[in-house]
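Hey, can you piece these two chains together into the complex? The hints should help.
Read top to bottom, the protein sequences are chains A and G.
If you read the first sequence in our numbering, its first letter stands for residue 1, the second for the next number, and so on.
If you read the second sequence in our numbering, its first letter stands for residue 1001, the second for the next number, and so on.
I should point out that these hints are in silico values taken from the structure, not numbers from a laboratory.
Cβ atoms here follow ideal geometry from the backbone N, Cα and C, with glycine treated the same way.
It is possible that part of the hints are untrue.
Distance condition first, Cα-Cα at most 20 Å in a straight line; then the derived EDC-like pairs of lysine to aspartate or glutamate [as the list claims (entries may be wrong)]:
id, chain 1, residue 1, chain 2, residue 2
1, G, 1213, G, 1170
2, G, 1525, G, 1539
3, G, 1879, A, 65
4, A, 289, G, 1713
5, G, 1879, A, 28
From the structure, some residues in chain G lie toward chain A, with a derived Cβ separation under 8 Å [to be verified]:
id, residue
6, 1590
7, 1807
8, 1875
9, 1877
10, 1880
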Amino acid sequence: MKPKQTFMIESIKVRWLITFLMLSACVERIEFDVPEAQLLTVVEGMISDNPGPYTVTVSKGISLDADSSYRVPVENASIKLFDDEGNVEEFSEIRPGLYSTGGSMQGQIGHSYYIRIESSEGLVFESEPERINQVGEIENIRFEFEPRTIVESFGEIRADVFNVFVDAKSGSDAGTYVRWKYTGTYKVITYPELHFTNTPPYRPYKDPFPCSGYVIVPGPSGGTLERRADCTCCTCWVNDFEEAPQLSDVQFITANQFKNIKVGEVPINNATFHEKYLVEVEQMSLSRKAFEFFKIVRAQKEGASSIFQPLSGEIKGNIKSINTNESVVGIFWATSSLKKKLYIYPRDVPYLLTPIDFLTLPCYQFYHNASSTKPINWE
Amino acid sequence: MFKRRLLLILFFCPLWIDAQILYVKLDGSEQGKPLATVLNEMSQENTARFYFLPEWIIPITVSQNYEGQTLAQVLNELLLGTDLNYFAMYPNAIVFIKDPTQAFIHNTAIETAVRQKKKIERYHFGEIGDEKMGQKIVISGKVIDLKTGEPLHRTNIQISGTQEGTTTDETGRYTLTFTPGAHVLSFSFVDYETKVIDLVAYKNGEINLDMEKVPFLLDEVVVQGQVIQEITTSGIGQTQLSMQELKRAPSFLGEVDLIKQVQNLPGVTTVGEAASGFNVRGGSVDQNLILYDGLPVFNSSHLFGFLTAFNPEAIRDVSFYRGGIPAEFGGRVSSVLDIQSKDGDLEKWNGKAGIGLITSNFMINGPLSKEKTSIAASFRSTYSNYLIRAIRTDYIDLRNSSVFFYDGTLKLTHILKNHSKLSFTGYSSKDSFSLAGDTTYKWNNLQGSVRLDHQFSTTLSSEFVMGLSSYDYKVDNQNYLTASSLSYRITSTVLKAAFHYNKGKHKLNYGWQLVYYRFNPGSLKPESPQSNAKPVSMDKQNSIENALYVSDDWSVNERIFVEAGLRLPIFSSYGPATINLYKEGVAREITNVIDTMYVKSGQTIKTYFGLEPRLSLRWMASPTASFKLGCSRMFQYLHLVTNSTAVTPVDIWQPSGYYFKPQRADQISVGYFKDFSQRKYGTSVEVFYKTINNILDFKDGAQLILNPLLETDLLQGKGESYGVETFLSKNTGRLTGSLNYTYSRSFRTIAGPTSSESINSGKQYPANFDQPHILNLAWKINLSRRHFFTGNFTYHTGRPVTIPLSAFVLENTTVAFFSARNQYRIPDYHRLDVALVIEGNHKLKKLFEGTWVISVYNVYARKNPYTVFFKSSGNGIPKPYQLSIIGTIFPSVSYNINF
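Chain G with its partners taken away, still in its complex shape (with noise of 0.2 Å):
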């Protein structure tokens, strides 16, 4: 069949003959009458011959003034989208026929997805005769999630055949426009069920679909949409995270994690094991913008970061954007991961629920009322001292010890009348950690916030966000004589209003954001009568984070998207404040303060005003090649005051204000993406280049932690980073999986007016964060339906330190003789994971689903340093000591239960 439809498609080919009247030129009067009246009447006048059949032609109208084009053009404009097609037969006959390509690309489309056994809807619009001539036709709708009937925004929908495609909108609402005819359309999201629409339209009409996240996986589907949507969605460097691939990748202590996922993706980078940060394009770890349901989120880890403060199985999708970042998000320079929560089941109750070595985790949702009100909640916790006071070892006695943490979910969703949707979302992160019984480390999360989905009519769509978070920590120290406690709080009040409107090409969304910031940057009392601790309490810092944004999402042509936005962020900083002032020209340090300021409680500190333009840019070369470009500019206002190289519980965040500037970050991204061989393949390269002002790092010696003064401590400075990202993943077949390599370097430059507030006398020096070769390799090879034998290894070259070189005596006592700052670097990491997922038989109707994960991570035991630290001898050298988190095999087991 295939065969003999590609040889008609050859034999018309070499027919095409050069006839005259094809060069004719018309004069205007043609306007308005049928093409088969202005076909007669020019093969009068040009002793031409026409042949087609009368029903084919007679809905066609020249509407337009074409004064002065050829035949040529006005037929091929005329006759665009239809299935109708011509051939000069001899030098002044035309021939009319029905071309066969279209109907062979329907057909093939529609045998392809029958063969992957892909859902298949069909839609009829209309007749032949009922479309207008010249005039395309608009088809729109809506897409859900079928179970709770949440809106799938991004979900992507491509027009087989064509470089034609669209994602959802925030509502889940798309427009397509397209000539009339048969078309097949395909609806694919990460983790859902992609589902194949037969279209005949000859008028405009409205397709909403409810799509099915997959129960188990048909792997081709999900790996095969990703693949499509890095193609064809706007953005350069944005990515969508499947959960259910998540869920069956290698993982360490059994445990799924989200932030693991992040760090497989090209130009994306971790300290190590414990380091629940990630890094983006040698970034630091607190210049990503993490959002859980719309609202900041400033600790997401668990147990110093070997987990992440996530519940996967409460999650419903999670973009992440590294490139190409809509002007709707701003305020960190690097990276956006934008975390979604799931929405209750709206029909009917259903849970999971998972044993792992060190947690264990529920999930429930289901109708409170039906289709009406819904919950969805989930709660995951410990029983890992057993496994801390399992461990021996010479340090320190850990029978005393121990660990706890949680995280929990609460989503309750309504449906209200007139297009509307009302949502609640809770979460609540809780992490306890006491060592030998007299220090406990606690730190806490809690989120609330309130939504409102409104759709005002088809093409205007809004939501109001209204929300609350809190991130706190506390270091509480019970031995009696020095007992203290150490407190840090941040809350944030956030309030969102983000408007989208559908027009045609053009997508536009708007919308304005604030978010008022409390920081209690830390305290100290002393908590008995006994204690000798000095009580120290820092002044609070109160600020405003404003922006408005707006951006249009715009389909140029069938070719060519385009995304450009503008954000016009606004910081202020308020008082009640007292600010240091120094004496010019002199290095700023505690001994040139001249004077103090007091600032009045409400009154202004400073304002940074900004403006963001952001763009990213879409050309499909082919239907299977494309090319992407992003320029970005960003500015960041909170700053994650640190010395350390990972997220620890006792850091910092210390707003812009009177002496921190903001950062700001520009960036350009350029990329090339390609599949072959029916999406079998897809290759990608990204090349990058980025800036940032302002960044900060700290001084030699800088005590960072309830210091008052942090101002002569801290240095900003510029910051530069470039790279290349290639990207390779096989999407079908028994083997799946993906190979990315990273060339990227990142560099930092502080030069201040005196020596001692420059960095490595004002050279350029490499970031904590460069780390030029980054390789990470994924796979999943089906061993049956049931059975999957997934892994990874991982990959990048060490991380820059600053070491000491030698000592030297000095008044009696050692001195080291330091490199300058990170001269040197830490040994390569490399890492290979294994796991084998045992699932559940996939019969439709059961009890209940089980999936059991064995993993198995660092197989070949490679201690991987952490950091590297020094430990004075007795005679005062320092001796270079490597740590590395987990040094040997760890082999876990977890068991899942869907029911």
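Looking at chain A on its own, in the form it has when it is part of the complex (with noise of 0.2 Å):
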């Protein structure tokens, strides 16, 4: 079996660079001269066997000096869909830049998919046919306890956590091109209502976030909480993403069986465990293209920045540029893909944890990745 990646060798990568650093202490921005990031077209989209609508993005390359992800939309282009029967859909700009079908038509295994857009300055890409490929099936999945620990300045704290397996099988058609798309979502509470503004000249007042739904009815000792409607930022849903994409490349593979795939980490703490936490795996068909694509982008993720470990290469997706010479990147790829999903509750944890941490923010203020409207899928 290829070891997955232990963090021994990421460390010694990362030692070398500090040692290097170390030794030089000389390192400084470096400029090339690059093509102009807005020359980039950036095309990510994808068709299931699910049903629609399927959505299509379209923007520009973000330049290396940008301070934000933020992406310039490609606005008012023309996107149809295409399959191997001659049906065609067209896309339609929901937002800018993101483009939707009206549902009419549906993914089906066996059939190939392909876009074909055409921005308003006439520029026009086309994607390589795509084929749905039977997905196979999740068999299980399940989690273990690992103890862990970190070092902190101030000293060890733990960082246990529950690793997340799956058993699954490909399907017979797909080879063994396969893509587990990992999702942990927890719940948590802060109390916005009781938030205070201490600034100079430093006398706390009380100060609700107009999202608690209270308001202060004045009063002594600087006057009531009210409930005057519905807390808006008092329970939110955490997500936790994969940090990069999971290929069925980690292990040999017999009869089309993959056998105790670590698909995910849950971290225990008084907040991922406040409620419980929800572990969701997405095991969905590749074709070798979109494989390939997705391993590159793993490459990048885990390699980090490392002197010695040049950072992956050149990504090819398979969107081609029909008319013009302008660089173009992404991926529009089909996929059958299924869901299992577990919880795990606060007793799975041997151990108690304390309660979740008294905060007065609100929970999308303080959390990543929350939001306050329920996923459809918490139950």
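This is the structure we're talking about:
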């Protein structure tokens, strides 16, 4: 079995980096004369055998000098979806740069699909036809406790995790190109109504966030709180996304059978297990081309920044320029997918956790990737 | 004097009248008669007159049948090499004269030698009349080091006034053939005092010489020696390095470095300061064979490549071959660096000690038993911990860091009876580096070899070497939660037998070499019960490289020299091994493994057989100019698997086997060498073209350490490089120095059957070490006999890199959009270093001799980028940064004592 990158190896790279930095202490920004990011068109979209609508995002590349990952949308493009039977459906722009089908076409296993994009400037891009392969199935999903500690400047702290594993089978025609998309979801609460403002000259006063639904009714000791509406920022659902795409080239396979594939880690703390933790694993069949694409993305994400590891390489997608020399990158991929989910409860943690931190901020301000909208699959 | 003689020669020339008698053909009846008799007969038959003093030509006999040849042809041949000449005075009168030119050449050579304070010895073999006409005489002998008795291989022997010359073989022996008479021979060897032999020989003789290392430098001698060698040594692209010059060059942290001098040669570049390896003609670092007393060295660096792991004090001589590689070397496709250690002094004890900013070293050598057994030992170690700890940095707490390294050599030499010498060499180097207390890197070289030199007869000599060499590294992580150790080891067992056979114009070298490699390609072990490191152990690999070779150094005539050779390597890898078999017609990757094959212990996995023809040719166009040609084919069976540009201690070597084919390089190079103004200036131009098959490169996103399926992450393809290397040197005077400029390109093409097995869609791309423009300038100004101002300037084009051009968002994360492989370049590298060398007084009798070297490295504080890397800013957009290892001016002082 090919070892997953143990963090020992990561550590070697990082150490070397530090070593060099130390000896030199001379690291500076460097500028290369690269083509403008605006000249790069980026396309991302997919079709699956689940009912539509399907979306395609078209945007411009982001300059390396940019301060945020804001992408300039490519608006007013005309996009069409084609299948191998001559069916066509047009996408419509639902948000700047985001295009959606109307839902009349649905992906079918064994069929191929491609899109054709025509920008308002007349640039034409086309994706190579992608075939939807059988997905197989996730036969088993389970988790295992793993004790861990990390060392901080003030001492060691616990950083235990649950490792999530699946046993799976790939579709018989799909070869072995499979991707598992892992998403974790947990519920958190905060108390934005109990917020105090404490700015110079340091006389704290009650200052509930409006989203908490509470207002201050003047009265003694800074007034009293009164509930006027429902709180829209007290309860959030936080998503943990995978850091890099997980692909099926991590082990030998026999008869399309995968065993003990580690698909994710659930950090154990008083927030993730405030109520329960939802693990969702989506198994997706891939074409060879899409597999290669995600593989490079994974290498890039895992390679991090190391002096000795040239950061992956050219990303080869399946979008081609038809009438222009301008660069285009991206993928329109076709997949058959199925999801399995699993809840992990605080009782599965082999010790008692402290109650969730008392925070007086709107929940989505404190937690990353958090939303106050309850996900449909949260039970 | 000079002018008058010249006039004399000019005076003779216009008197050459076309005499009929010279066109009279001989009928063959003259054979066996003395020349005087023949001439008498001819004068009667043709009414011609010959004027000569009888004693001049009495010894000359018409030894052969010259039927059909004209008298002029016969006289030319018979008088060749004698100091006799003739001219036609009237249509039918021939005057024989003693030709003054040879005496003139002889005297000039001696005068020059006297003026240059060279040592002159006189030899006299036989008397006039002892010579047999038409036959040349043979002078042979042996050249050894005065102190150690070691034979000096590649000593250059030049016959003044001719293009003739030779070099000594591995046993220090040489043979010269020339016409009887007076000659001046000049024996030179890098770092040794040139000896001049004033020879008068009328019969064969033997001249055995002992040469002395220059105690202090007679600069002209040494540098000139090098240049003469450039012109008259056989091979193109061969260089002897001067250890003495090396010690006077500016150095980083005051440390004398062998590899740094190699990097100043034409066609050689480096990635940067922290890269100990060097790149020859666009090749990668692993394509250089580094031999220490005949055993391979896998990591030649200390302190991540800041220093070379060889103590210059322990080295006798260093030969570097980048073209015209002799058949006795093989196994790498770019170059050979052959390092020979010093023998101990057989006469008296002496030593040397040096103190530098970060290291100190000492060397001691002397007789254990006078004129029989000697010992030479050297040791060098560091005390650079203080330096590391003194560095202020925001990155990490360095108070717990430590750096340690040493290298030591030991050489025992014993002179046996019956023309044999037995020697033992031991070499060990160790590095250990620990950072903030929890990760330690260690790497070790350990070598031991026994060598027997035996002389069977004056014409046949041999050497036998048996040795063991091991290289290993270990990365220890002492953090108890992740405690683990990663280890790697290569051991090689070497057996060599070499024979040298001297027969007249031919020098035959032949032999057999065997290297048994055992690779332990890595294992990771958890080192504490709490450790969460997962154990990994890779299969061991065994292979044998076997080679037979033969080469002939043939002096065709005084102008043409040919070195032709053939090497027959056989490389086999052996089990036990488990080999994955992949589905045909699809990309080679883990998901396509259909079966595994188990190869039993000792069973052959794969054998590669090669045929390596080598040829190098020298044609002396004149005594000061030569053309050279070199063609070679070489195979390389071990590949350094790396996706970094410099050698790091955690790189792995992969032997050829089931999936990895040997690299094959074919090279042709042509050069022209010319000296001017009595060798004051030397120039050369070399052109080369080279192709390499099965060169290795990694796939995008490859993982190389502890990867049991390396064949899925590495690709093989084609390499091509070409270039022109020019060189100019000034060898005498107060200012000496050299300037070289190289234009060369190096490309790769990796076009696999599928797109993921191709790089840049199968198009040609620049190799990692493609640096088109390289310029090196080195100089030395003698301020006085003891003070030197030296310096060097180096420039090369920045090497190619792959960089992100922009970024884009994919599924909530930011992804970098990279350029194709190696499509951009880091900024150009240039640097100026200077040094002031103050040597002790040059009195012969003194207690010790001290030398100060004050160096300034990177004088104008250029921030030369070593590499470019990318750091993601908070939003995931990678930003390019350049890392300069030495971003500032770096002064240093070192002191060396000889006693």
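Against the structure, the hints come out as follows:
no.: 1; hint: G:1213 x G:1170; verdict: 18 Å, holds
no.: 2; hint: G:1525 x G:1539; verdict: 14 Å, holds
no.: 3; hint: G:1879 x A:65; verdict: 7 Å, holds
no.: 4; hint: A:289 x G:1713; verdict: 17 Å, holds
no.: 5; hint: G:1879 x A:28; verdict: 10 Å, holds
no.: 6; hint: 1590; verdict: 5 Å, holds
no.: 7; hint: 1807; verdict: 4 Å, holds
no.: 8; hint: 1875; verdict: 5 Å, holds
no.: 9; hint: 1877; verdict: 6 Å, holds
no.: 10; hint: 1880; verdict: 5 Å, holds
Going down the numbered hints, you'll see the structure goes against none, and every one checks out.
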